[in-house]
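Heads up: the protein sequence lines correspond to chains A and B, in order.
For reference, each letter of the first sequence is one residue, going 1 to 356 in this note's numbering.
For reference, each letter of the second sequence is one residue, going 1 to 510 in this note's numbering.
These aren't lab readings, by the way, just hints derived from the structure by calculation.
Cβ coordinates follow ideal geometry from the N, Cα and C atoms, glycine included.
Take every hint as true, because none was put in to throw you off.
Below, in silico cross-link-like pairs of lysine to any residue (SDA-like), each with a Cα-Cα straight-line distance of 20 angstroms or less:
| id | chain 1 | residue 1 | chain 2 | residue 2 |
| --- | --- | --- | --- | --- |
| 1 | B | K75 | B | D18 |
| 2 | A | K218 | B | I331 |
| 3 | B | K366 | A | R199 |
| 4 | A | K218 | B | K366 |
| 5 | A | K218 | B | K328 |
| 6 | B | K197 | B | V234 |
| 7 | B | K422 | B | E336 |
| 8 | B | K366 | B | P355 |
| 9 | B | K329 | B | Y312 |
| 10 | B | K286 | B | G454 |
| 11 | A | K218 | B | E336 |
| 12 | B | K366 | A | R226 |
| 13 | B | K329 | A | R229 |
| 14 | A | K218 | B | K329 |
| 15 | B | K147 | B | T104 |
| 16 | A | K218 | B | N335 |
| 17 | B | K328 | A | D225 |
| 18 | B | K83 | B | V15 |
| 19 | A | K328 | B | D399 |
| 20 | B | K381 | A | F203 |
| 21 | A | K218 | B | T326 |
Non-contacting residues of chain B with respect to chain A, defined by C-beta distances greater than 10 angstroms in every case (computed):
| id | residue |
| --- | --- |
| 22 | Q10 |
| 23 | T33 |
| 24 | E87 |
| 25 | T104 |
| 26 | G112 |
| 27 | G152 |
| 28 | K163 |
| 29 | G167 |
| 30 | R183 |
| 31 | E212 |
| 32 | D230 |
| 33 | M244 |
| 34 | Q283 |
| 35 | G386 |
| 36 | D448 |
| 37 | E449 |
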Amino acid sequence: MKFKSTRFVSMILDNLIWLLVAFALIIFSSLSPSFRAPYNLVNILNRTAALGMLVIGQAFAMMSGNFDLSSESGLGLTAMVAGLFLASVTNGGLGFEVSPIVAILLMVVVGLTIGLINGFLITRLRMNNLIVTIAMLMILRGLVYIISPGATASFFPDSFNWLGAGALFKIPQTKGFLAIPVPTVFIILAFIIAHIITRYTQFGRNIFAVGSNPVAAKDAGIDTDRIIRNVYLISGFCMAVAGLLAAGRLDSATPRTGEGLIFPVQAAAVVGGVSLFGGRGTMIGAFGGFALWSILDAGLSILKVSPFWIEASRGLLLLFAVALDAFKVKGMHRQALEETLSTSHIGRKDTNIVID
Amino acid sequence: MTTQETNSTQIPILVMKDVSKAFPGVQALRRVTLSVLPGEIHGLVGKNGAGKSTLMAVLMGITEPNEGTIEINGKVFSTMTSKEAIEAGIAYVPQHVAMMDSLTVAENILAGELPKNKLGFINWNKVNGEAEERLKRLNLKIDVTKKVEGLGVAEQTMLAISKALFGNAKLIILDEPTASLSRSDINRLFNFVKSLKDKGVAFVYISHHLEEVFEICDRVTVMRDGRVVDTCEVKNIDVPQLIMMMVGEGVEDYTRDSTCTDEIVFVLNKLTRRGYYEDISLQIKKGEVIGITGLQGCGAEQLGKGLFGLEYRGIGEIKINGKEFTAKKPIDSFNEGLAYLPQDRYRFGLVGVRPVRENVTYPILKRLIRMMNLINRNEEKEIVDGYIKGLEIITPSQDQPVRLLSGGNQQKVVFAKLASTKPNVLILHEPTQGVDVRAKMDIFRIIDELAKQGVATIVISTEIRELIGICDRILVMNNGRLTHEYKKGAKDTTPENILYAIEGGKKNHE
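If we strip away everything but chain B, and leave its shape as in the complex, we get:
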């Protein structure tokens, strides 16, 4: 926050103050404050679900905030329509630019104000001339008679930016503009953006590519869990520091004693799925918790899904308690002692409109069936009550539809479901995503409790600090291979080292 003071001589073009927004089951923004100066390229980074999209939706007048104000060029809004946002000078350029593809560049630029001759026909010479003239002012050379669908992605993006400027935009939001661009295209786009910046146009630059943030941005705001972690001058920080802010610091650290025994439960031998993961060999002991981490697309996600039977698993040997593991479908995986917690519980983990009770017992209903195929409801209620008490699930009753519970409690219901199958091996994919700090602690305790009971657990996560807290071993995955291993309590098991291993792998690859 110190950096903002040094620039306080300049009057910000945009000030968002204490903006909060809640959606059913999740609080997306918590008192977010963001200011952008004229002629500034302001990076906005954070993991998926950190709140970037919601914040931008608020800025564009698409989403109404529950509290807070938006000040644009001195004009203060507490609620704002999309029209007001555009009139105030906010423009949004998405990753995939939406324009009238089958029309020419000139028609797109002058859409709605095409000059006509006396007979009411469009004066094409004037259209093209005017369009060329306008682009010239921005030093942009594009053949205005070309159809937009014939342009490259970089040109389309630049055209969209120009069009926004012709519409008197003062602040342009660039959302992942480089995602499908080659390096030379990126350079051209960046030069164009920088030239506009010199003319006083402000940009909010959203990207997952952190190097680009350093290349082009003046300041960067880091978001995490719906909050702003900090806003920094880019020249004062480096990539690891930025990642540290993204993955979180200052969160209460949780540690647990190892419950690892000597008995090997889960064996993976040379598991390979071309294009996703290769040569994965692992031995996990009873009560051991291991973490697998890596960049998005490193293959850890596919490994989890593949083991559970949601995706093709590839070839290789898998054994649970010495027995060959051959399950092809999730139900077989449950029966053979392997349970999986999906990343997105709303879509994959829960049946939202159905009650808590049913959500817990879906995989184990067979065991509850008594006479004439009917479910023993009393026994079912007892089991579910046990989990509600044991996992401290806060719900008015077993009959409450799960989607009315808070994020943390929903996640506990998924845990209850998995625990009810009495698994030998548990695979958790981002188990703490979208839950508050207190629920996180509860979830760690649940993981600990299950490990004490002898469950071998794999946690696939990008929350490095959390992994250090709960895991006996952390494995780093790079391009589908396990490349580094960090043991609990070892000297080199630090967030910095692990981050370096994650990032280092990426550098080797490129």
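Excised from the complex, chain A in its bound form:
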């Protein structure tokens, strides 16, 4: 009886994020007509797509038991590199005005290089991942200021901006058109791909193994260092795509592009059930966390809630998510203990089991 109920509770806990998403959607929709307008709904994820790409990168890193805190600066740097090469001298660029394809390739190269450096320092030199990526966060942001220098590059070709600001198709409405933004569709696709990689490939399996027990993973024949290096490469790639989304959306790259995103990125991943301790979580969950974050963002600003309260409510949400994670781990321990007890002669009569 009790076992069933704990299973049920754990099922609810596992899918809690979607209940929260639904709850937030319903609340905001009922409170504000402009929130529930189709235009707003399709744009919720549009505004935060760059954040979403970073969440993907972060989720990969966290599943492998690592962190990548450098991603917001990586976004800024890739965006600035592209901006400098694309924009004319008068618009803050270097005047090369390269074709968008070349600019995007450059961004990817920069992103992968960041990932390569992170992975190298962490696996080859055995440096702490937290410190390495915090250092990179500062170094890369500094680089953005150095190369720009401190100025904004803007006015890019439309084809470059398509991913970040384009409309996929337009649905005729009574008044004008409802444009489906490219980023909304793109970020959903990106999460689906990430989900397939983590769940249905050997690489994905190995990420989880490395994240939850690196020693056992090694014994099972997994090259743990290679997995971690690849995870950081993916994270670097995600930074580049996020940079493309952000630069395209604003039609400019400022030295501050991406600044302050890293904590929302962490928060969205954790709220979505990606464990801070590695090895647990799904990309679908991370998407839920990202969606919840975006909905709160859009909803609270439409309701004209004071930005101070928005910040505080974000903090509360994060605390809640971490508490939930801790609660889940504790629950697992308890369940294991109960099962041990029930098969032993002690039985489950002891109701005050202390979990050590």
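Let chain A serve as the given structure and place chain B on it in line with the hints.
Chain B only, in chain A's frame:
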């Protein structure tokens, strides 16, 4: 148990009765009963994981037992806090004594009650005098103005014991106190402990050095698998008997028919890793099960790890089915037909939070990959289902996180993982550690089944009776060399002989 009756005239200072304790995945104590008399040095022995530490943690009020009572000096506790334990007179002196190293001996002794003069300053003369006075009462000569970090390990231990006594301790737990001491230091420590014993202080003495138990203890309690095997008067037993109790008697013996063939699968030729093992030459046939046993640190553990590629292997020739074995990493070992079961499955064998299915298929995922790099989930499920049925793994589903399974079933999952790689050579390190008797029988059957399929198996274990049951040959390792060989069914293949070979090697060395 008979011995306890002869002493029943004395009232025990400590009686632990029917104490049980379960942790997730393992039952650490099962109805343990222990009594200690005043003025007694009571040995507590058992292999790693036998439950000694848990029992002491319960006694110190660190771990709360699930059932049972603790009676100290007539006061009965069912649960006890650390503070209550100390107040009742229990003190613990660990192998590495923790004191305020940078303070003097006197400051350590009088910590918290330093005498002050009228101005509120510490009266150092009085501090040192008082400390000296107290140590004198125990016949201990230590310069009280010396800093503790300047003392030898033996002095530190004696000081810790004294400090416990000043705090009115009645029962002192000594946990491996001699591990880093020279013989003369041990003698001084033992004399000190014996002098206190004459004053009526009781000791629980935990040690892996069995000779010491005979040297200093009055009675000894042997633990195994979370149970008390027996409590004996030391003068009534000898070392082999004690070891027999530690490694287990009365466990249902398992035997199997040899499946050994003539075809040689695995050849080791003069494998040497300096400081660990030397000149290891072995030929193992298809379907043969051999056991390697020896004292802790004899090199068998390193040999297993080295062969699998977890540690440096050393130099020498290794062949599997006539082909040179060169794997440097575990994944290559799997591919070249060698699989290894680590001793500590929680840390090395399993990815606890991940489901059973994933844990079984980690090494063989490559074979399951189909179109576009995706894993063929149906095939994977079928394979895992096969192993769950074949090995009788009890789990609600393939998706159950392995750490929620019982110890025996977890071990079977590790076996399934190894079996899935279809190895030619299987190395098992303490395969039955921490599993219950029924699961042990299942594991023996699995080993038998794999041997029937032609796998050459090496079992590295200290469970001599189990080795006699399952192995075609048992090799004894002493200081990195294979010194004795016992064949299945031979007359001299008895636990006593093998124990003698294990211990004998040690005596030669020292």
